[in-house]
Amino acid sequence: MAWQLLRRCLIFLISTAVASFLIFWIIDSDCGPARSALGIGGTEESVQALCTQMGLKRPLIVQYWEWITHAATGDFGVSYISRRAIGPQIFDQLSVTLWLVLGAIVVALVVALPLGMASALRHGKVSGNILAAISQIGIAIPAFVAALLLVLVFAVRLRWLPANGYVVPASDPAEFLRHMILPWLSLGLVQGAVLARYVRSAVLDELGQDYLRTARAKGLTPLQALRRHGLRNASIPVLTVIGVQLVTVLVGAVIIERIFTIPGIGKGLADAAQGQDLLTVQGMVLTLVVAALMISFLVDVLYNVIDPRLRQGAGR
Amino acid sequence: MSAPATRTPPKPKRRPLSPLVIFGLVVVLFIVLMALVSFFWTPFTPIYTDLKNRSVGPFTGGHWLGTDRTGRDIATRLMLGARTTLYVGIVAVGIAAIIGTPLGILAGMVRPGASEFIMRTNDILLAFPALLIALILAAKYGGSITTAMIAIGVASIPGFIRVIRSGTLQVMSTDYVKAARVAGRRGPAIAVRHVLPNVAGLVIVQASSAYAIAILAEAALSFLGLGAPPSVSSWGRMLYEGQSTMTTDPLVSVWPGVAIALAVLGFNLLGDGLRDRYDPRMAGSR
Amino acid sequence: MTTSSTPLSKADDEPVLRVTDLRISAVGIELVHGVDLTLLPGERVGIIGASGSGKTLTCMAIAGLLSGGLTASGSIRMSRVAGELVGARESVIAKIRGLRTGMVFQEPMTALNPTMRIGAQVAEVMWHHKKHRRAAARRLAVELLESTGLPDPERIAKAYPHQLSGGQRQRVVLAIALANRPDLLICDEPTTALDVTVQAKVLALINERVSDEGAALLFISHDLAVVAQVCDRVLVMYEGSVVESGDVLTVLTDPQHHHTKSLLRDTELTGGVGA
Chain Y
1 MAWQLLRRCL IFLISTAVAS FLIFWIIDSD CGPARSALGI GGTEESVQAL
51 CTQMGLKRPL IVQYWEWITH AATGDFGVSY ISRRAIGPQI FDQLSVTLWL
101 VLGAIVVALV VALPLGMASA LRHGKVSGNI LAAISQIGIA IPAFVAALLL
151 VLVFAVRLRW LPANGYVVPA SDPAEFLRHM ILPWLSLGLV QGAVLARYVR
201 SAVLDELGQD YLRTARAKGL TPLQALRRHG LRNASIPVLT VIGVQLVTVL
251 VGAVIIERIF TIPGIGKGLA DAAQGQDLLT VQGMVLTLVV AALMISFLVD
301 VLYNVIDPRL RQGAGR
Chain F
317 MSAPATRTPP KPKRRPLSPL VIFGLVVVLF IVLMALVSFF WTPFTPIYTD
367 LKNRSVGPFT GGHWLGTDRT GRDIATRLML GARTTLYVGI VAVGIAAIIG
417 TPLGILAGMV RPGASEFIMR TNDILLAFPA LLIALILAAK YGGSITTAMI
467 AIGVASIPGF IRVIRSGTLQ VMSTDYVKAA RVAGRRGPAI AVRHVLPNVA
517 GLVIVQASSA YAIAILAEAA LSFLGLGAPP SVSSWGRMLY EGQSTMTTDP
567 LVSVWPGVAI ALAVLGFNLL GDGLRDRYDP RMAGSR
Chain W
603 MTTSSTPLSK ADDEPVLRVT DLRISAVGIE LVHGVDLTLL PGERVGIIGA
653 SGSGKTLTCM AIAGLLSGGL TASGSIRMSR VAGELVGARE SVIAKIRGLR
703 TGMVFQEPMT ALNPTMRIGA QVAEVMWHHK KHRRAAARRL AVELLESTGL
753 PDPERIAKAY PHQLSGGQRQ RVVLAIALAN RPDLLICDEP TTALDVTVQA
803 KVLALINERV SDEGAALLFI SHDLAVVAQV CDRVLVMYEG SVVESGDVLT
853 VLTDPQHHHT KSLLRDTELT GGVGA
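Protein chains in written order, with my numbering: chain Y, 1 to 316; chain F, 317 to 602; chain W, 603 to 877.
No wet-lab data here; the hints were simulated from the structure. Only a predicted model underlies this, so the values are computations on that prediction, with no experimental measurement involved. Misleading hints may appear alongside valid ones.
[Unchecked claim] Heads up, incomplete: computed chain F residues facing chain Y, CB under 10 Å, no partners named:
1) L352
2) D439
3) V548
4) G552
[As the list claims (entries may be wrong)] DEER-style ranges, computed between Cβ atoms:
5) Y:L223 <-> F:L485: 36 to 42 Å
6) Y:R157 <-> F:L341: 54 to 60 Å
7) Y:I134 <-> W:D623: 41 to 47 Å
8) Y:L161 <-> W:G670: 43 to 49 Å
9) Y:P114 <-> W:S813: 44 to 50 Å
10) F:T564 <-> Y:Q274: 21 to 27 Å
Even glycine gets a Cβ: it sits at the ideal position worked out from N, Cα and C.
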C-alpha cells in the first residue's frame with residue numbers, strides 16, 4: 001500500500017514538472033514577455049534589448065529552473081504590466097475562488113445525490129424517466145447561460161439578490177452569503193445535473209448486484225440495503241467523475257467570476273490574459289494546473305482507500 | 317457478458333431511434349441549415365444598424381427577434397453566429413481527431429509499457445482544459461478565432477486518444493486480428509485494414525461529444541472577449557455584448573443563450589444515440 | 603390438517619412452512635401453477651427440476667424476494683407468524699428474513715459486499731434484528747465462522763471477500779444464514795458453482811449445521827444426486843408444476859413421472875443411493 005502511494009506521488013511530481021515546463025516553454029519562448037510588455041509600439045530592436053535585459057536570452061532550461069524554484073516558495077515575481085507582486089495576488093484570489101468552488105460542489109452534491117438515487121430507484125417508471133430527463137436538460141445548459149438566467153430572474157426581475165459583487169466573509173457573513181447564492185447556484189446546479197447522471201448510472205449498476213440480494217436475505221429493506229451496502233460501492237465510479245468534474249468547475253469559475261465580478265483567480269486570469277500580462281498568466285496557470293493534478297492524485301488515493309480490492313495485488 | 321468475436325462481431329439488431337436522438341438530429345440539422353442559408357441570405361445585412369429601431373423587441377420593424385443596443389438585427393446575427401460556431405467546431409474537432417486517432421491507435425497497439433507511458437502523458441494533457449490553453453495563447457498572441465480553435469482542438473486530443481485506444485485494444489483482442497498477426501501481417505497493415513474500420517464508429521461518437529464541448533468552449537471564450545473579435549458574429553460574443561444591457565434589454569442575451577444550449581443539447585443527444593448504435597457495450601448503463 | 607387462525611402455539615408438529623396453491627405470474631403469463639408444500643420442523647425437503655421449471659421462482663416467493671415484475675397468489679404461511687406472507691408488506695417480510703429464515707444462493711463469488719470486512723457482514727445480520735448488540739455480534743461472528751469449518755476465523759473476520767475462495771465465501775454465506783438460529787434454511791443450488799472437490803465438503807457442512815440447529819431445510823437443485831444426500835423428501839418440478847413428490851428413496855428407486863426418470867438419467871448416480 002505504501003509502495004503504491006509512493007508511486008502515485010512520483011507520478012504526481014513528474015506530471016507537475018512536465019506540465020510546468022510546458023507552460024513555461026509556451027509563454028517564455030521567443031521573448032514572449034518582452035513583446036507583450038512593450039505592446040504594439042515595440043520595435044524589434046527594443047524587444048530584443050528588453051529581452052536580453054529580462055534574462056530571456058538565456059537557455060530555456062536555466063530560466064525554467066529559476067522560475068520553478070521560486071514558484072515553489074510562492075515567489076512568482078512581479079508583473080511588468082501591473083507592477084504588482086504576483087504571488088500575493090494569486091493567493092488572495094485563490095482563497096476567493098476556493099469559496100466559490102466549494103460552495104458550488106456542495107450545491108452539486110445536494111442536487112446530484114438525491115436526484116441520481118431517486119431516478120435509479122425509479123428506473124423504468126414514468127417518474128424515473130422524468131427525473132432522468134431533467135438531468136439531461138441540465139447538462140446542456142452551460143454555466144454562464146444558467147448564470148445569466150438566474151441573474152435575470154432573481155436580480156433583475158425579482159430584486160431579491162444582488163447581480164454581482166463580492167463581500168469578504170470575515171467582514172459581513174450575511175452579505176457574503178447573499179452575494180454568493182447566485183454564483184453557487186449557477187455553477188452548482190449545472191454540475192449537479194451532470195453528476196446526477198453518473199450517480200444514477202452507478203446506483204443502477206449496484207442495484208443489479210448479488211450482494212444486495214444477500215443483504216435483503218438478511219432482512220434489510222431495499223432502501224436499507226442500498227444505504228448500508230450499495231452506496232459505498234456506487235461511490236467508487238462517482239468519485240472518479242467528481243475528480244474530472246472539478247476541472248470543469250474550475251473552468252466554469254472563470255466565467256462565473258467574470259459575470260458576478262468576484263475577484264477570484266478566474267477573473268484575475270481572464271484579465272491578465274486580456275491585458276497580455278504573460279508573467280501573471282504564467283503564475284496563475286501553473287497554480288491551476290498543479291491544483292488539477294493534485295486533485296487527480298487525491299482522487300486516486302481516495303479510490304484506493306474505499307475499494308479494498310485495489311490495495312496491493314488483490315488475491316482472487 | 318461478451319466473449320471475443322471469432323470474426324468481426326455481428327451487427328446488433330437495429331433498435332428504433334429514440335425520439336431524443338431524433339430531436340438532437342433535427343436540432344443539429346437546423347443549425348447547419350441556418351449557417352448554410354446565411355451564406356446566401358439573411359433578414360438584414362450584418363452591419364446594418366437600424367438606428368430608428370434600437371433595442372426593440374421581437375417582430376418590430378421587420379426584426380423577427382428584435383435588435384440589440386446598436387440596432388443590429390438579432391436574427392441575422394444568430395444565423396451568422398451559427399456559422400462561426402460550426403466553423404470553430406469543425407476545425408477544433410478536426411485537429412483533435414486527426415492527431416488523436418492515430419495516437420490512440422498507436423497507444424492500443426504497442427507494448428503495455430509504452431502504452432502506459434502514453435496514457436500517463438495523456439493524463440498530464442487532461443489537466444489543461446481548453447479554456448486554460450486558450451487563455452495562455454490569448455495572452456501571448458492576442459485572442460482570436462484561430463487561438464480559440466487551436467486551444468479547443470489541442471484540449472480535445474486526450475479525449476480522442478483515450479477512447480480510440482480503448483477501442484483499439486478491443487479490436488486487437490479479437491481472434492481475427494490475432495490470426496492476422498500470426499500470419500505475419502505487420503503493424504501498419506493491421507492498423508489500416510482492421511483497426512481503423514472498426515474504430516471509425518468510435519471516432520464519430522467522440523467527435524460529436526467533442527463538438528458539443530467545443531461549442532461551449534468557443535462561446536465561453538468569446539464571452540470573455542478572447543475569441544471572436546467584434547467584427548465576427550458569434551453567439552458567445554453576443555452574450556458578452558448583452559451583459560451591459562442586462563437590466564434594460566435582457567432578451568438580447570436570452571436568444572444566443574438559448575441557441576448555445578440547444579446546440580449543445582443537440583450534439584449531446586446525437587452523440588448518445590450514435591454511441592448506442594455503434595458500441596452498446598461501451599455505452600454503459602443508462 | 604386444520605389450519606388455526608393465529609398459529610401462536612408452540613406445538614412441535616406445527617409446520618414451519620405451509621405453502622398452498624402458490625402461483626406466480628409475470629405480465630399475465632403464469633409461470634408457476636399451484637405449488638403445495640408443507641415443512642415440519644427439522645424436515646428436509648428438496649425441490650428438483652431443470653432450469654426454467656419454476657423451482658427458483660418458488661424459492662424466491664417463499665423468501666419474499668420476488669422481483670418487481672412478478673406477482674404471486676395463493677398462500678404462504680410460517681409458524682408463529684400471524685398473517686399471510688403472499689402480498690404482505692415489505693416491512694413485515696423483512697422482519698422474517700434473516701431471523702426466522704436463512705438463505706444461501708448459488709453464486710458465492712458475488713454474494714458478499716466487496717468493500718466490507720467478512721466479520722462485519724456476518725455481524726450485521728445479528729444486530730440488525732436486534733438479537734445482539736454490535737460488539738457482542740462481532741465476537742459471535744468469529745465463533746460462527748469457526749462453526750462453518752473456516753480455519754483461523756479471527757483472520758478471516760478481518761479479511762475482505764476477494765481474499766477468500768469460492769468455497770470459503772459460501773461457508774461465510776452459510777454462517778450468515780444460520781446466525782440467528784432460523785427455523786428454516788433455504789438453499790438455492792448452493793454447491794453448483796463450486797469446484798467438485800469443494801462441493802462435497804460444503805454439502806456435508808450444510809447437512810451438519812442443519813442437524814445441529816434442528817432447522818428445516820428447503821433445498822433446490824437440478825442435481826438429484828446432491829438432493830439425495832441431504833433431503834428426506836423431494837418434489838420434482840417440471841414447467842411450473844409439481845409432477846411428483848414423495849420421500850427421496852422412493853422417488854429415486856421408483857420414479858413415476860417421465861421427467862423424474864430423465865433427471866435420474868442425467869445424474870451421476872449409479873445404482874444405489876449414497877456416495
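Here is what the structure says about each hint:
Checking L352 (chain F) against chain Y: minimum C-beta separation of about 23 Å lies over 10 Å; hint violated. Hint on D439 (chain F) holds. Least Cβ distance to chain Y is approximately 7 Å, under the 10 Å limit. For the restraint placing V548 (chain F) at the interface with chain Y, the shortest Cβ-Cβ distance is roughly 17 Å, beyond the 10 Å limit, so the hint is violated. Because the beta carbon of G552 (chain F) sits about 9 Å from the nearest beta carbon in chain Y, less than 10 Å, this interface hint is met.
For L223 (chain Y) and L485 (chain F), the hinted distance range of 36 to 42 Å is satisfied, since their beta carbons lie about 39 Å from each other. A hinted range of 54 to 60 Å for the beta carbons of R157 (chain Y) and L341 (chain F) is inconsistent with their spacing of about 35 Å. The beta-carbon spacing between I134 (chain Y) and D623 (chain W), approximately 45 Å, falls within the hinted interval of 41 to 47 Å. In this structure the hint that L161 (chain Y) and G670 (chain W) lie 43 to 49 Å apart at CB holds, the actual value being about 44 Å.
At roughly 49 Å, the beta-carbon separation of P114 (chain Y) and S813 (chain W) lies within the given 44 to 50 Å, and the hint holds. Checking the proposed 21 to 27 Å range against T564 (chain F) and Q274 (chain Y) shows it holds: the Cβ atoms sit about 25 Å from each other.
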